[in-house]
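*Asks:* With the hints as your guide, set chain B onto chain A.
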Amino acid sequence: MGLFSKLGEGFAATQRVLTEGIETLFRGRPTLHPETLNQLETLLLSADLGPEAVERLISQLKETITRGKSVDIYSLKKVIKSHIITLLDRGKTTRGTIEPPEVTLFMGINGSGKTTTIGKLAEQQHQKGKKTILAAADTFRAAAAEQLVLWGERTHSHVVRGHEGADPASIAFDAACAARARLADCLFIDTAGRLQTKQNLMEELKKITRVVGKAIPGAPHEKILILDATGGLNAISQARHFHESVGVTGLILTKLDSTARGGSIIPIVEALSVPVLYVGVGEAAADLLPFDPNAFADALLDAQTDPPRIT
Amino acid sequence: MFEVLTKKLESVFKTLTGRGVLSEAHLTEALKGIRIALLEADVHFSVVKSFIEAVRAKAIGKEVSESLSPGQQVIKIVQAELSVMMGAESKGITLAQIPPTVVLLVGLQGSGKTTTAGKLARLYKIKGKRVMLVAADLKRPAAVAQLQTLGRAIDVPVMTNDTVGVDAGDAVAVVKQAAAQAIREDRDLVIVDTAGRVHVDDALMEELSRMKSAVSPHEILLVADAMTGQTAVSVATVFHQRMGLTGIVLTKTEGDARGGAVLSMRAVTGAPIKFIGTGEKPDAIEPFYPDRMASRILGMGDILSLIELAEQNYSKEQQKKTVQSVRSGQLTLEDFSLQIKQMKKMGGIEKILAMIPGAPKMLPAMDSASVEREIKRTEAIISSMTPHERRNPAVLNGKRRQRIAKGSGTSVQDINRLIKQFDDAKKMMKRFSGFGRTPLFS
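Which chain is which? The protein sequence lines are A and B, in order.
In terms of the numbering used here, the first sequence is residues 1 to 311.
In terms of the numbering used here, the second sequence is residues 1 to 442.
Calculated directly from the structure, the hints in this document are not laboratory data.
Remember, it's a predicted structure, so these values are computed and weren't measured experimentally.
Among the hints, erroneous ones may be present.
Taking lysine-lysine and the DSS-like style, the derived pairs with C-alpha atoms no more than 27 angstroms apart in a straight line are [what the hints assert, rightly or not]:
id, chain 1, residue 1, chain 2, residue 2
1, B, Lys399, B, Lys376
2, B, Lys129, A, Lys198
3, A, Lys62, B, Lys376
4, A, Lys198, B, Lys281
5, B, Lys426, A, Lys198
Chain A extracted, bound-state conformation (with noise of 0.2 angstroms):
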């Protein structure tokens, strides 16, 4: 229970407004009434689902409904729940086993997270006391390698730099090669934030995958996007750049611990069919927890799907 709570509490508002509001609108009758859908796409919409999502999900309700049947509190939670599930689900893969040292590329826009992440998840391989290697291939924001070399210190991790505006992926070449001649089990490269709307910024993405590959057959092996969860809509137009560019393999969202929805997940896994890996709850390193679709789905609903049983 321990991971749920967690990322349980980082949701506690948005369960908030979505149990409590589902519960309101049971209240005084036992099954979904035809007039409430509208609050209920309210509630849906204010968790970010996005309009589409919610759109397809009201009129599957309200086709159920006028069949006849009935939909009580659990059912209509079991049905949301179902749905957010069956579309993370769409993201999952299964890999064979990576010769180390294994490349991951982190890429985002400004100030979703990158750096932070990367510092997390190199405590977490020390800690597993595996070798990390850390590339400082963001040249551009002031003082963003020294970010990246205050979490090597304190992860234990090398990291290799170059001088301001160096070429991002000339850096990443001499990690990878670092990487391979010290042995590492996992290099991670940080890269500059970048709008998804700027060519220019997104070739250069490109020319570092390109180079690295160079170095390190095969390599990156994970290209990774960092998604800001207190972001709306927007992060949809964000995955499809960055997919359409280097081809993202993985999702991280970070910020969760706000009172931010995230349902704006659900619609780019639906869209992109790449897996969730992991969530930021939190500032600590172990605040960056695995992703599970089912907890997920239940911290967003703090879902009891089944009626309680009356033993």
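*Replies:* For chain B alone, kept in the frame of chain A given last:
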């Protein structure tokens, strides 16, 4: 940033144009589309609700004006309501009677506070102010170093816990000492970069409150990014309740984020939007113009006000011609040059420009000085063309372009650019040619 919303609204309005009478059913249909468009733009659902209600009330109660088609009428109402929602024109930082003016930048992690601090410092330094930056983000690794680097680049001093000699964990003391030093150094403006924090983090919000009582800042600006989703409302509400925001800075607007969050934040705090960040470079910051933004959402320029203004200034004949050209999408460079001349007569270029369909695209957001320069250059280029060339830009081959460049004191690239922009604008106009079947002038 509102492009997608614009597209959506356009398609909605298409269903409304070309109809004689605005029935309630049409209105409901259009409002439904507007509602979805705004929701997809991340406007908070409660804000959308009140917005739609306001538009409906105004549209239904409205007498049908003869000069406007029903579609145009709804557009006008939607646009007016959007402007109202976004508030008054920004006046930038309100400088205190007795300097230094202290500005606190607050917000979530990664919203762009440090970058904004650097941009604001540069902006006011250029205006001749004696600026000081204060690095009060002691949480994020290397945040202080980042601000120092930015400060060095623009030659503005950066106060850190080291320079003011306090403990590395005490952000409040840093700000207090820096403010005292600003008075000693006779600074005009002190810009404080604070640590990013989630608004539900009580301890960190408390730190901000203490910072506020320690230095009584004149401005407390919430820095929020254009991608912010539905959570914008709770973020803005909490920061406002605890800190009393005096303004909002919207960052990262150069992407394709629809930026609906700005409507929400403005609605729940009532605080004005003061600046928008438009790029990564230190000079990429602009004042916020609500009416321009509202027009941009609708993607059509403020054609109605343009016509009103034109009516007062154009001769009837010119009027007809221009409207005809705009309507048919057959604008020539001649019309364009004529329009520019008329506009000069009609008042501030900037004001007019925002109203011309396609013009914001031809002359993307820039400061008015460079707009004027660009206009001058455009005029010179068009003046150096023969009447034949103005009517048929297609004949402009390399040789002609060289001649025009020489004649206007510009380069061939300038000419190529103008022609390309002109073509884009024409395409834009074509999209509006379906709009407004009812005669605008009887």
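*Asks:* Do the alpha carbons of B:Lys426 and A:Lys198 lie within 27 angstroms of each other, as the hint requires?
*Replies:* Satisfied, since the Cα-Cα distance of roughly 25 angstroms is no more than 27 angstroms.
*Asks:* Regarding the pair A:Lys62 and B:Lys376, is the alpha-carbon distance no greater than 27 angstroms?
*Replies:* violated (60 angstroms)
*Asks:* Taken at face value, is the distance from the CA of A:Lys198 to the CA of B:Lys129 at most 27 angstroms?
*Replies:* At roughly 33 angstroms apart (the allowed maximum being 27 angstroms), A:Lys198 and B:Lys129 break the hint.
*Asks:* Sort out whether B:Lys376 lies within 27 angstroms of B:Lys399, counting only the CA atoms.
*Replies:* Given pair B:Lys399, B:Lys376 holds - Cα atoms ~23 angstroms apart, limit 27 angstroms.
*Asks:* Would you check the hint for A:Lys198 and B:Lys281, treating anything up to 27 angstroms between C-alpha atoms as holding?
*Replies:* holds (14 angstroms)
The structure does not agree with the numbered hints 2 and 3 stated previously, though it agrees with the rest.
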